[in-house]
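Participant: Assembling the complex is the task here: the two chains are given apart, and the hints tell you how they should meet.
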Amino acid sequence: DAKTTQPPSMDCAEGRAANLPCNHSTISGNEYVYWYRQIHSQGPQYIIHGLKNNETNEMASLIITEDRKSSTLILPHATLRDTAVYYCIVRVAGAGNMLTFGGGTRLMVKP
Amino acid sequence: GAVVSQHPSWVICKSGTSVKIECRSLDFQATTMFWYRQFPKQSLMLMATSNEGSKATYEQGVEKDKFLINHASLTLSTLTVTSAHPEDSSFYICSARPGSRAGELFFGEGSRLTVL
Numbered sequence: 200d201a202k203t204t205q206p207p208s209m210d211c212a213e214g215r216a217a218n219l220p221c222n223h224s225t226i227s228g229n230e231y232v233y234w235y236r237q238i239h240s241q242g243p244q245y246i247i248h249g250l251k252n253n254e255t256n257e258m259a260s261l262i263i264t265e266d267r268k269s270s271t272l273i274l275p276h277a278t279l280r281d282t283a284v285y286y287c288i289v290r291v292a293g294a295g296n297m298l299t300f301g302g303g304t305r306l307m308v309k310p
Numbered sequence: 161g162a163v164v165s166q167h168p169s170w171v172i173c174k175s176g177t178s179v180k181i182e183c184r185s186l187d188f189q190a191t192t193m194f195w196y197r198q199f200p201k202q203s204l205m206l207m208a209t210s211n212e213g214s215k216a217t218y219e220q221g222v223e224k225d226k227f228l229i230n231h232a233s234l235t236l237s238t239l240t241v242t243s244a245h246p247e248d249s250s251f252y253i254c255s256a257r258p259g260s261r262a263g264e265l266f267f268g269e270g271s272r273l274t275v276l
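Chains A and B, in that order, give the protein sequences. With positions in the first sequence counted from 1, the corresponding number in the working numbering is that position plus 199. With positions in the second sequence counted from 1, the corresponding number in the working numbering is that position plus 160.
Chain B with its partners taken away, still in its complex shape (with noise of 0.2 Å):
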């Protein structure tokens, strides 16, 4: 199946700085991905949809000055936690879909992000 790449796999880092994480999709172009947050125990909640050349599309609550959002190629995009806090720690998770294969989303393997 297609195949949608995380990096990096988990990231801890102190409070008050940046963090970028990628989202690549390995063999085919997506002009979509989404991004996801997961706190522990709980279901994904869609944080934004990122279109490639454009501005990305945020869920209400989600602060975009925060989650900055590229997406600047076909084939990648990247999520950066700016300012990290504590309550910013989760698992970040991307999904793309490959134009060809109308319906299935493929995931990353997800990001882990611990901010201390």
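Next comes chain A alone, as it looks inside the complex (with noise of 0.2 Å):
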């Protein structure tokens, strides 16, 4: 799988949009751009995945720069319950494929 780089932390005020960078500038023609996001002690929850177009839906939307090199997935109204830590992972779509987690970024929803 490509890898992938992102902001170790960041903070959004309640209300705004939250626009979380990733950077995956290995990724080869058949990998995905996945976003998982995981609340303190609880397991990861899908967010959004795309190939190479913009993705949304009731959860956030995902911007794919045309040469697939970067991402952002936005949530558009942030709430305090949208602090957790945000992951972006490339793979390929396919029975059997796990995912390999990197860092992610730690998403701060402050009042």
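What the hints contain is simulated information worked out from the structure, not anything from laboratory work. For clarity, every value in this text was computed on a predicted model and none was experimentally measured. Keep in mind that a hint or two might mislead.
Straight-line alpha carbon distances no greater than 30 Å define the calculated BS3-like cross-link-like pairs of lysine-lysine that follow [as the list claims (entries may be wrong)]:
1. B:K174 to B:K201
2. B:K180 to B:K226
3. B:K174 to B:K215
4. A:K268 to A:K202
5. A:K268 to A:K251
6. B:K180 to B:K215
7. B:K201 to A:K309
8. B:K224 to A:K202
9. B:K201 to A:K268
10. B:K215 to B:K226
11. B:K180 to A:K202
12. B:K224 to B:K180
13. A:K202 to A:K251
14. A:K202 to B:K201
15. B:K174 to B:K226
Examples of chain B residues lying across from chain A (beta carbon under 10 Å, computed) [as the list claims (entries may be wrong)]:
16. S255
17. G270
18. L273
19. V275
Between beta-carbon pairs, the in silico distance windows are [what the hints assert, rightly or not]:
20. B:P168 to A:E265: 45 to 55 Å
21. B:L186 to A:D266: 32 to 42 Å
22. B:S178 to A:G214: 30 to 40 Å
23. B:T217 to A:E213: 55 to 65 Å
24. B:K215 to A:G214: 47 to 57 Å
25. A:G302 to B:E212: 45 to 55 Å
26. B:M205 to A:P310: 31 to 41 Å
27. B:E264 to A:S240: 14 to 24 Å
28. A:P310 to B:K215: 15 to 25 Å
29. B:E212 to A:D266: 33 to 43 Å
30. B:S203 to A:D210: 16 to 26 Å
31. A:S227 to B:F199: 27 to 37 Å
32. B:E212 to A:P207: 20 to 30 Å
33. B:K215 to A:E257: 15 to 25 Å
Positions of the beta carbon are idealized from the N, C-alpha and C atoms, including for glycine.
Facilitator: Structure (structure tokens):
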């Protein structure tokens, strides 16, 4: 799996958009970008994934650059409950492929 | 979304005893499940891949005789920590993916093991 680079921590004001960057300059053509988050003492939670087009769901939006070397996860209106460690992972989609977790970004949403 | 459940959510045991952790996929079948371990303030580390009906595949440095994995059905995988020691105290998390939803891995709530 290609390696990702994320800032170790970020702060965001409650109600504002949280923009979490991820660099994956060595991503290959068949690798997807996945985002998961882990709230303290819980298992990771799937947020969103994409290949090259921007994606949006009820939780977040994923913006992938045209060269696919970086992406941004956007939480449009952050709440205190969004405080968590956010992991950006790239991997080939397919049965049996596990996820390799890096350090992630610790997002702190402040009132 | 798909649900993966772990039991127990936390357990305290004496050094030298064995502890079994169960991972169930509640609304889908999973031929493959993954077991992770997470120490405080660290990221998740993959321990092993559990395959239904066959032997698990362990990551380098993980002792297969200490961490016994059984995946006897398409909805249940178990991890048994044998002869537990305080250094085995950790947060153990399993994950699985519904075959119909390519790409998304769902995780259990985690099981916190404390060995005294």
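Participant: Look at each hint and say if it fits the structure.
Facilitator: Status of each hint after checking the structure:
1. For a cut-off of 30 Å, the pair hint linking K174 (chain B) to K201 (chain B) stands: about 24 Å separates their Cα positions.
2. Restraint check for K180 (chain B) and K226 (chain B): satisfied, since their Cα atoms lie roughly 12 Å apart, inside the 30 Å limit.
3. For the given pair, K174 (chain B) sits about 28 Å from K215 (chain B) by alpha-carbon distance, which is consistent with the 30 Å threshold.
4. Under the criterion of a C-alpha separation no larger than 30 Å, the hint pairing K268 (chain A) with K202 (chain A) is consistent with the structure, at around 11 Å.
5. A hinted pair counts as satisfied when its Cα atoms are at most 30 Å apart, and K268 (chain A) with K251 (chain A) qualifies at roughly 10 Å.
6. Between the alpha carbons of K180 (chain B) and K215 (chain B) the distance comes to roughly 17 Å, so the proposed pair stays at or under 30 Å and holds.
7. For the proposed pair K201 (chain B) and K309 (chain A), the alpha carbon gap of about 21 Å is at most 30 Å, so the pair holds.
8. A C-alpha spacing of about 27 Å is found between K224 (chain B) and K202 (chain A), which places the hinted pair at or below 30 Å, so the restraint holds.
9. Proposed proximity of K201 (chain B) and K268 (chain A) is supported: the alpha carbons are some 28 Å apart, at most 30 Å.
10. At most 30 Å may separate the alpha-carbon atoms for a hinted pair to count; K215 (chain B) and K226 (chain B) meet this at roughly 14 Å.
11. For the given pair, K180 (chain B) sits about 33 Å from K202 (chain A) by alpha-carbon distance, which is inconsistent with the 30 Å threshold.
12. Restraint check for K224 (chain B) and K180 (chain B): the C-alpha separation of about 14 Å stays at or below 30 Å, so the hint holds.
13. For the hint pairing K202 (chain A) with K251 (chain A), the CA-to-CA distance comes to about 17 Å; that is within 30 Å, so the pair holds.
14. Restraint check for K202 (chain A) and K201 (chain B): satisfied, since their Cα atoms lie roughly 20 Å apart, inside the 30 Å limit.
15. Annotation: proposed proximity of K174 (chain B) to K226 (chain B) holds, straight-line Cα distance about 16 Å (limit 30 Å).
16. At its closest, the beta carbon of S255 (chain B) sits 7 Å from a beta carbon of chain A; the interface hint therefore holds under the 10 Å criterion.
17. Annotation: interface hint on G270 (chain B) holds; nearest CB of chain A at approximately 5 Å, less than 10 Å.
18. Interface hint at L273 (chain B): violated, since its Cβ lies 13 Å from the closest Cβ of chain A, which is beyond the 10 Å cut-off.
19. The beta carbon of V275 (chain B) comes no nearer than 18 Å to any beta carbon in chain A, farther than 10 Å, and the hint placing it at the interface is violated.
20. Distance hint check: the CB atoms of P168 (chain B) and E265 (chain A) are about 47 Å apart, consistent with the given range 45 to 55 Å.
21. Separated by about 40 Å at the C-beta atoms, L186 (chain B) and D266 (chain A) satisfy the suggested range of 32 to 42 Å.
22. Hint check: S178 (chain B) to G214 (chain A), Cβ distance near 49 Å, so the stated range 30 to 40 Å is violated.
23. About 43 Å separates the C-beta atoms of T217 (chain B) and E213 (chain A), a value inconsistent with the hinted range of 55 to 65 Å.
24. About 51 Å separates the C-beta atoms of K215 (chain B) and G214 (chain A), a value consistent with the hinted range of 47 to 57 Å.
25. Judged by the Cβ atoms, the range 45 to 55 Å given for G302 (chain A) and E212 (chain B) is violated: they are separated by roughly 32 Å.
26. The given range of 31 to 41 Å is respected by M205 (chain B) and P310 (chain A), whose C-beta atoms sit roughly 34 Å from each other.
27. The beta-carbon spacing between E264 (chain B) and S240 (chain A), approximately 22 Å, falls within the hinted interval of 14 to 24 Å.
28. Checked against the given bound of 15 to 25 Å, the beta carbons of P310 (chain A) and K215 (chain B), roughly 51 Å apart, lie outside it.
29. Between E212 (chain B) and D266 (chain A) the C-beta distance comes to about 40 Å, which sits within the given range of 33 to 43 Å.
30. The given range of 16 to 26 Å is respected by S203 (chain B) and D210 (chain A), whose C-beta atoms sit roughly 20 Å from each other.
31. The beta-carbon spacing between S227 (chain A) and F199 (chain B), approximately 31 Å, falls within the hinted interval of 27 to 37 Å.
32. Checking the proposed 20 to 30 Å range against E212 (chain B) and P207 (chain A) shows it is violated: the Cβ atoms sit about 38 Å from each other.
33. Judged by the Cβ atoms, the range 15 to 25 Å given for K215 (chain B) and E257 (chain A) is violated: they are separated by roughly 40 Å.
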